[in-house]
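Peer 1: Residue numbers (my numbering), protein chains in the order written: chain A, 133 to 474; chain B, 133 to 474.
If you are wondering where the hints come from, they were derived from the structure by calculation, not from laboratory data.
Hints are supplied without guarantee of correctness; some may be wrong.
One copy or two, it doesn't matter: identical chains are merged, so the pair holds either way.
[Unchecked claim] DSS-like cross-link-like pairs, simulated, lysine-lysine; straight-line CA separation at most 30 Å:
1) Lys375 with Lys192
2) Lys165 with Lys393
3) Lys283 with Lys195
4) Lys195 with Lys375
5) Lys284 with Lys417
6) Lys417 with Lys283
7) Lys394 with Lys338
8) Lys195 with Lys284
9) Lys338 with Lys195
10) Lys365 with Lys375
11) Lys394 with Lys365
12) Lys250 with Lys225
13) Lys365 with Lys434
14) Lys393 with Lys338
15) Lys375 with Lys417
16) Lys328 with Lys365
17) Lys176 with Lys394
18) Lys394 with Lys375
19) Lys283 with Lys306
20) Lys437 with Lys328
21) Lys195 with Lys365
Treat the numbers as computed from the prediction; the structure is a model and nothing was measured.
Residue strings, one per chain:
2 protein chains.
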Amino acid sequence: MEVSNKQVLLKDYVVGFPKETDMILSSGIISLKAPEGSEAIVVKNLYLSCDPYMRSCLGKPDKFSYAPSFTPGTPIIGYGVAKVVDSNHPNFKEGDLVWGITGWEEYSLITRANTFRKIEHTDVPLSYYTGILGMTGMTAYAGFHEVCSPKKGETVFISAASGAVGQLVGQFAKLMGCYVVGSAGSKEKVDLLKNKFGFDDAFNYKEEHDLDAALRRYFPEGIDIYFENVGGKMLDAVLLNMKVNGRISVCGMISQYNLEKKEAVHNLFCLVSKQIRIEGFLIAKFFHLYPMFLDYVIPFIKEGKIAYVEDIAEGLDQAPGALIGLFNGRNVGKQVVVIARE
Amino acid sequence: MEVSNKQVLLKDYVVGFPKETDMILSSGIISLKAPEGSEAIVVKNLYLSCDPYMRSCLGKPDKFSYAPSFTPGTPIIGYGVAKVVDSNHPNFKEGDLVWGITGWEEYSLITRANTFRKIEHTDVPLSYYTGILGMTGMTAYAGFHEVCSPKKGETVFISAASGAVGQLVGQFAKLMGCYVVGSAGSKEKVDLLKNKFGFDDAFNYKEEHDLDAALRRYFPEGIDIYFENVGGKMLDAVLLNMKVNGRISVCGMISQYNLEKKEAVHNLFCLVSKQIRIEGFLIAKFFHLYPMFLDYVIPFIKEGKIAYVEDIAEGLDQAPGALIGLFNGRNVGKQVVVIARE
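Let the hints inform the model, and build the full structure from the sequences given.
Peer 2: Here it is as structure tokens:
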């Protein structure tokens, strides 16, 4: 019952901008039988998710991290879709499709099987459970609907808008009747925002020397809601352009993750005069909304009312490059790695 | 019915740190009769309030200001306690004691009399309506109870803690069973916090080279609530010391008001991992709570359960110096100017 198991291991804690060579491909041996007396399951990994939060797991343990650091010499860990090959856990049986936190390897022994969710709806692409139907979708949904308190007709700005979360926030905002503008880092992404995701407008932040002026152009009356994915200079410019009683939901600050010394923000004085609320959130506290979220989003997917773009890397060999690509903006849409399709 | 009227005028818009010479003492003539056909009142000003927000009114009109700029050549405007000497307004009659936004002069013609409130409780010092029983008290009450969602046993940090608002926030927090530490800028103020206002602890921020280390010393388990009055370096240090689900109520950022280029804040990345909420507020939206607030606070004052310290300047001549003193930390407690006691 033992098979060889290709893996992607963290070489050592990463400082500064991560490189592909910070990870190494390796091969181990794994038993396909869940240990007797455990409540573990063994899964075959199908799709892996690459997410910006994983940058903080690549670094040394730090009390300000979102999630525990990876352990050098062991596989990278992240959200994934998998198939159960053996189960000692009452909730799962062989052949079940599941999603949860798994290893970057062909097969994983999952000891905390209760953190996995069984996939009930299989008439949508399975890879969607790494994104729109998984943590990413929940992040977009709760970060917008629960944290931003949006109202119909409000103006919404989204940074990193073509990314896995941003593309969904924009579409959720359009579905409730908001005016939505996004920023992204290439012409291709800007086109996607306008033509595929139905944003009212979009711009390439790399082509704007004055972000404040750009925002004034797109929001002459100001911004009600900012969905923050990047931090730094963009946040500073947004603060100048928020409306009174504006809300900023801080999902992440990807522009800052690889900086030892974080960029300065100077415009927080706007918080008082404009009575702005800024709120950072992690998705863990909203997962009780997951069943409701599926009921909301699956019909939109089936009716083609929500578009969803994935950037698929084929095979574990491509996984290190796919993860690094998130931080230099190479990916277009949700970055997924396929290990196997069934 | 015309009398001479001593006034404090703004000389010109102020840039950088304000000086006494930015204001001039002058004398005008005023009629003590409210104009026929108007709903105006004429008041004799008794006590004037000096408040940090007034710094922004001294500058050029600016879309980020809290309040409209003063007009050069005309009197400074601010909260005050006054006595009605003539009234064409149905709510007021001669002899009524009132508080509201008035001029820095002996007598004022108030055309927007409906913005004034009649003083019903006169068994407390009248000057208190420039502070604990006026805008200042409401700011402390709503900024703490409404914006911070405090719970018994939580840890609360207050900057500029011996100031008009800070001293009250600390006492409101103690009354509900929080652990309260304040920072201030002199030994005298720190002693006041510990011995007069009943803070659990207090420190002089000017004697701390490392604010982060200081906060770790006073809050080894972290800060649940930060009542922000200063901004800049203190906010940056606080962000590192907030607990998960911490709340920051931004009442003001006095350390920043006189800077052309605002100080940098680098630690906003903490917002996500700690799921922190920061909220700026202006008191205007909470004034509907004023009657409830009086019912809450007046018994505490009468029973001696809330201490309140005023720094009284005698006479209009002292008013420019009293206002400037707020920005170099000269005042101890609420800064008031007395023009007349009745």
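Peer 1: Since the copies are identical, ignore which copy is meant and state whether Lys195 and Lys365 lie within 30 Å (CA to CA) inside a copy, between copies, both or neither.
Peer 2: both (25 Å within a copy, 20 Å between copies)
Peer 1: Measure nothing new, just compare the shortest in-copy and cross-copy C-alpha distances for Lys284 and Lys417 to 30 Å and report within, between, both or neither.
Peer 2: Close inside one copy (25 Å) and across copies (22 Å); limit 30 Å.
Peer 1: Within, between, both or neither: how does the pair Lys394, Lys338 come out at a Cα-Cα threshold of 30 Å?
Peer 2: For Lys394 and Lys338, both the intra-copy (19 Å) and inter-copy (25 Å) Cα distances are at most 30 Å.
Peer 1: Is it within, between, both or neither when you check Lys365 against Lys375 at 30 Å Cα-Cα?
Peer 2: both (18 Å within a copy, 26 Å between copies)
Peer 1: Checking Lys250 and Lys225: alpha-carbon separation at most 30 Å within a copy, between copies, both or neither?
Peer 2: Result: close within a single copy only, 10 Å intra versus 74 Å inter.
Peer 1: Should Lys195 paired with Lys375 be assigned to within, between, both, or neither, using CA atoms and 30 Å as the limit?
Peer 2: Result: close only across copies, 11 Å inter versus 34 Å intra.
Peer 1: Measure nothing new, just compare the shortest in-copy and cross-copy C-alpha distances for Lys394 and Lys375 to 30 Å and report within, between, both or neither.
Peer 2: Both, since 26 Å and 20 Å are each at most 30 Å.
Peer 1: Which holds for Lys176 with Lys394 at a C-alpha limit of 30 Å: within a copy, between copies, both or neither?
Peer 2: neither (39 Å within a copy, 54 Å between copies)
Peer 1: Which holds for Lys417 with Lys283 at a C-alpha limit of 30 Å: within a copy, between copies, both or neither?
Peer 2: both (23 Å within a copy, 19 Å between copies)
Peer 1: When no copy is named, should Lys328 and Lys365 be tagged within, between, both, or neither for a Cα gap of at most 30 Å?
Peer 2: This pair counts as within: shortest intra-copy Cα distance 27 Å, inter-copy 44 Å.
Peer 1: Measure nothing new, just compare the shortest in-copy and cross-copy C-alpha distances for Lys437 and Lys328 to 30 Å and report within, between, both or neither.
Peer 2: Answer is within; shortest intra-copy Cα gap is 11 Å, inter-copy 63 Å.
Peer 1: When Cα atoms must be at most 30 Å apart, do Lys375 and Lys192 count as within-copy, between-copy, both, or neither?
Peer 2: between (39 Å within a copy, 21 Å between copies)
Going down the numbered hints, you'll see the structure goes against 2, 13 and 17, while the others check out.
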